[in-house]
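Student: Each chain is listed here by its residues.
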Amino acid sequence: MFDGTQDLPRGTLELMILKVISLEPMHGWGIIKRIQHLSQDVFQVNQGSLYPALQRLKRKGWIRSEWQVTENSRRARYYTLTKSGQEMLQKERRAWEASTSAVGRILEATP
Amino acid sequence: MDTFRALLNQLMDFIRRSRAGTEWEEEMEFHLEMETKANLQEGMSPAEARRRARLDFGGQDWHAERVREARGGALLEDLARDLRFGLRVIRLRPIFALAAILTLSIGVGMTTTMFTLLDAVVLRPLAGENAQGMVYLWLESGNGDMTTSPTPELLRLVRDHASSFTRVEAYATGEYSLLVDGEPLLKLGGQASTGFFSFLGVRPELGRGFLPGDGSGSGNPVVVLSHTFWAERFGETEEALGRTMVIEGRSHEIIGVLPRDFRVDAPREAMFWIPEGSAGDLFAEGAPLEGAVAALAQGVSADAASAELDAIVKNNPLARRADMEWVGKVRPPRDLIDPSLRKAILLLQAGAFVVLLIACGNLTNLLLAQGETRSRELALRASLGAGRGRLIRQLLSESMVLGGLGIAGGILLAVWALDSVPFFLPPGYAGFSLNGLVLSAAAGLALASILLAGLLPALRGAQRDLGEIIKAGGGGGSGAMKDMGTRRLLVTAEVAMAFVLLVSAGLLVRNFTTLIRADVGFPRQNLLTLRLELPPEGYPDSESHLAFLSRIREGIRTGLPGSLGSATLASGLVEDLSASIGAVVPEGENQEEGEDQVLITWNVAPDYFQVVGVPLFQGRGFLEGEGSQEEEVVIINDEIARRYFPGGDAVGRRVLLADEWYRVVGIAGSVRLPEFTGSRFGDIQVFLPLLQDPTSSLNLISRVTGDRTAAVDRLKEAVWRIDPTLPVLDVSLVEDALAESLNEERSNALLMVLFALTALTLGAVGMYGMIAYSVSRRVREIGVRMALGASSNDVVKRTVLGGMAPVLAGMVLGALGAFLLGSTLSGVLQVDPRDPTVYLVVGTLTASVAFLATWLPARRAARGSPIDALRSE
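Protein sequences appear in the order of chains A and B. If you read the first sequence in this note's numbering, its first letter stands for residue 1, the second for the next number, and so on. If you read the second sequence in this note's numbering, its first letter stands for residue 112, the second for the next number, and so on.
Just chain A, same shape as in the assembly (with noise of 0.2 Å):
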C-alpha cells in the first residue's frame, strides 16, 4: 500500500499528526497532503495509517474531533489538539530530539 517512500515506525506519525494539527485543526486528507508536503514528500501517510492514527490519538485524549464545513460547503470532520496533546506534543518533541542528537553522535563518533 505504499508507494517506495518512507515507512514510518507508528510512534512518528503519531507525533507528526499531533504537531500538524497544531499549526491548524485539519481533517483527515488535510492531514495526509499536509505531512507529505511539509516533508516535502518524504512521507506519505497512507489512508490505512492515518485514520486508525487518528483514533487511537483520539482514544487517548490528545485531540478531539468535531464536525465543521469547509470552504466549499462541505461537512468533514477536524481535528484539533487538546490540552493534553499539546502537553504531550511538547513531551514527545523533547524525546524525540534527544534520542535523534544521540543516534547523530554515535553516527559521528570517530575512532
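Bear in mind the hints are in silico, worked out from the structure with no lab data behind them. Don't take each hint at face value.
Pairs of lysine to aspartate or glutamate residues, derived as DMTMM-like cross-links and limited to a Cα-Cα distance of at most 20 Å, are as follows [said to hold, decoys possible]:
1) K33(A) / E140(B)
2) K148(B) / E87(A)
3) K425(B) / E251(B)
4) K19(A) / E87(A)
5) K298(B) / E851(B)
6) K148(B) / D41(A)
7) K58(A) / E137(B)
Label pairs and their calculated CB-CB ranges [unchecked claim]:
8) Q40(A) / E140(B): 53 to 63 Å
9) T82(A) / R163(B): 27 to 37 Å
10) Q40(A) / R163(B): 37 to 47 Å
11) L151(B) / Q68(A): 19 to 29 Å
12) E140(B) / A95(A): 34 to 44 Å
13) A109(A) / L151(B): 42 to 52 Å
14) E140(B) / A109(A): 44 to 54 Å
15) R202(B) / T82(A): 15 to 25 Å
16) E108(A) / A149(B): 55 to 65 Å
Only a predicted model underlies this, so the values are computations on that prediction, with no experimental measurement involved. Don't be surprised by glycine CBs; every beta carbon is placed ideally from N, CA and C.
With chain A fixed as given, assemble chain B onto it according to the hints.
Tutor: Okay, now just chain B, sitting in the frame of chain A:
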C-alpha cells in the same frame, strides 16, 4: 486510565453505533472526494480520478474494520454482531437450531426437575434451616432389630441431666376430633414442644409460632395451622388469626400458619399443631413420641452423646418402653434414609443424569456436523481477512445463543414439570421451587459440551487452507474422518446408557406390577371401609363402646340388605394398623427365653372372616358374644403356628402374648400388605375379638355385591340412626388403599420409564441425524456406486450395517452394564434383577428403534437417481 477511556469510548460508540457508522462513512466519502479532486487537478479524467482514488483507498469495509480494531477491538460491537449472527443461524437453519435447542431443553429440564424433586421429597424430611445441624434421638433394641423413639419421660430426663445436648425438642402426631365452624372433623394433628419450630428454623407464614408460655398450664390454649388446612378451611385469609377452633373439646386460638413446604417425617401431613401440655396430650402418656431432635453441644461427638443417652436409658426404668432392653442412639438426619430407598434415589438421579449426558452427546454430534458443513464458509472468511480470533469468537457466540435458548427452554420445562408433578408423587406434596444448584450444574455441563463441540470446528475451520477445502468439495479431508469416529463413539455410548436405563425401567415396572398383583391374603375387590371415631364425650369407657358395637351390628344386620352386600367391624384392615411389642410364648415353655416380636393386632367382629375372606386353616372364627367372658381368646396366623407350634397343635392351647394369656381358638391365613414386603415385621399377626378389647376407632368393612353408593348410604344411615352426631370419615375402597401404599414404587417406575423413553428417543433422534448427515455428505460417493451398478438395496444395506455397528456395540456394553448393576439393585426390587424377559424386551425395542433410525434416512437417500447425485456438488 487508558483502558478506561478505551472502554468508555467503546461504550459510547456502541450506544451511538448507528450514528458513528454513518459518520464514518461520511468522513470516508469526504476523503475520497478530496482525493478525487486532487487527481482531477493532476489532469486525470473524472472516471480515472475516481477510480484511482478508490483504489488507493482500499475497500471501505476493510478500512472501517481496521479502524475499529485500532479502537481497542470494539468488543461490545462485535459481540452484538455475533449475537445477531447467532440468531441468524436459527433463521437460516431452523431444523438444526430447533433440534439443538430441544435436545438441550430436555436434558437440562429433566435433570433439574429430578434433582429438585428428590431433594425436596426425600433428602430433606424436615424443612427448616436448622435441619442440618441437629440429631435425632432414637432407641434401638439390643440386637439392632427394632427402633423406637423416646418417651416424654426420657426426654425430660435428657433435658434435665444430659450435658451432651444443648437443646431437646420433640413432636408427635395423632388423630384429633375437631369442631371447626360447627362442623365435626377428625384430622391428623401434631403436638410439639414449644421450642420445636424455632429450633428447626421454621418461620410461620402468618402470625407467630409457639412461645415458652404457650405450653401446659397456659390459660389460653393456642394452635398453629398448616398451610394446607389454612387454605382448605380458612381460604388463606388473614382473618383466620384470632379465630378459634375446638380441639378435643377445648377451644384453641389460632395464632399462626406454618409455611407451605413444612413437613415432618410422618406418613400424612399434620393439619395443625398444638404445644405440649395441651388438649389430648400426646406428651403425657407413656406412648413414644414420633420424633425427638436435639442439638449436640459443642465438641460432643455423636458417639459420646449416644453413650450418655444410653446411660440415662439404662438407669431409669421409667424411661424405657415395653420393658425391653433398649440402647440409646443419636443419629444425624441423613443416616435415617432407609438404604433401599437411598438406592432407589441414586438410581433415579443416575437416570436423570444419563438423559442429560445423552442430550449433550447429541448436541455435540449436531454441532460437529454443522461445523463440517460450514468449514468452507469459515475458510473463505478467514482468507478474506477475518482474524482467527474473530471467527472463533463468532462461532462460540452462535453456540452460546443456542445454549442460552436451550437452557431457557430447560428452565421452562422444569418449572412446568414441577407444577404438574403431583401426579407422579404420593399425595401431600405440593409446591416445589427450582433447585438453583442443580440448574446451574446441568446448565454448566450443557454449556461445556456446547463449547467443546462448537470450538472444534471453529479451530479447525479457521486455519484450513481455502484451496484445500474447495477442492475437497467442502466436506472431505482427515478432519471429517476423525469426526465420524467421534460420532460413532458417541452413538455407542448413548445406546449403552439408554439400554441400562431401559433395563432399569423395565425392572421397576415389573417390580411394581408384581407387587400390585401380589396376593394380600384375602380377596380385595369390592371391599369398602368406613372409618368411625367414637369421641370421648359420648363414649367415655369400654361399656359405651360395647353398647355402640352391639347396636351398630344390629343396625347393619337390619339396614343392609343381602343384595347390597355384607358388612363387619374391625379396628382396621389395610389402614389403622395397630401393633404391640412382646414375646410369644406357648404355655409350658420358658418365659424368660421369649424374644420380643412386633405383634400386628386386629380387633375384629365374629363375621370378619366371612366378610373379608381371610381364610381359617384350623379351628374356628370367633363366636357371637365371645370375648366378654373370663378367658381371653385369640386367633393366631399361620406364621405363629409354624414357628411356635411346630407340632401343629396350636388350637386349644394357651399362649402368652405380650404378657397376657390367651387361648388359641383358630389359625388364620396371613395378611400380606405391601408395606410388609421387605420389612422386618408383619409376619406375626393376631386377631382378637372386638368385644374383648373394644376400641374407639372402628372400621366398618363391607363387601359390596350391589350398587356401591346405595350400600354406603345404607351403612351411613345405620350409623346415624344410632348417633346422628357421629362423623363418618374416609369412605374408601381397600383396593385403592392398597394401591396407594405402593405409591412410591409406582412413582419410581413411572419416572424411570420416563427417563428411559426420553433417553431412547434422544438417542434415536441423534442416530437419525447422524446417518442422514453422513449420507448427505457422501451423496457423490453413493451416486458413483449406483452408477457403477450397485442397486439401491445394496446402498441401503451398506448404510444400515454401518450405522447399526455402533448400536450393537452399545447394546452389548449396555447389557453388560445392566447386568453388573443388577446386583446392587436387588435391595430395591422384589423381582430378579437379571430377569431375562426384561433384557429381551429392551434389546428388541432398542434394536428396532435403532434400525428404524438408521434405515429411514438411508432409504431416502438411496431413492435419488445416481445422475442427480453425481451432479450435485
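Student: Each hint should be assessed against the structure and marked as holding or not.
Tutor: Status of each hint after checking the structure:
no., hint, result
1, K33(A) / E140(B), "holds, 17 Å"
2, K148(B) / E87(A), "violated, 36 Å"
3, K425(B) / E251(B), "holds, 12 Å"
4, K19(A) / E87(A), "holds, 11 Å"
5, K298(B) / E851(B), "holds, 19 Å"
6, K148(B) / D41(A), "holds, 19 Å"
7, K58(A) / E137(B), "holds, 18 Å"
8, Q40(A) / E140(B): 53 to 63 Å, "violated, 29 Å"
9, T82(A) / R163(B): 27 to 37 Å, "holds, 35 Å"
10, Q40(A) / R163(B): 37 to 47 Å, "violated, 23 Å"
11, L151(B) / Q68(A): 19 to 29 Å, "holds, 24 Å"
12, E140(B) / A95(A): 34 to 44 Å, "holds, 37 Å"
13, A109(A) / L151(B): 42 to 52 Å, "holds, 51 Å"
14, E140(B) / A109(A): 44 to 54 Å, "holds, 52 Å"
15, R202(B) / T82(A): 15 to 25 Å, "violated, 46 Å"
16, E108(A) / A149(B): 55 to 65 Å, "violated, 40 Å"
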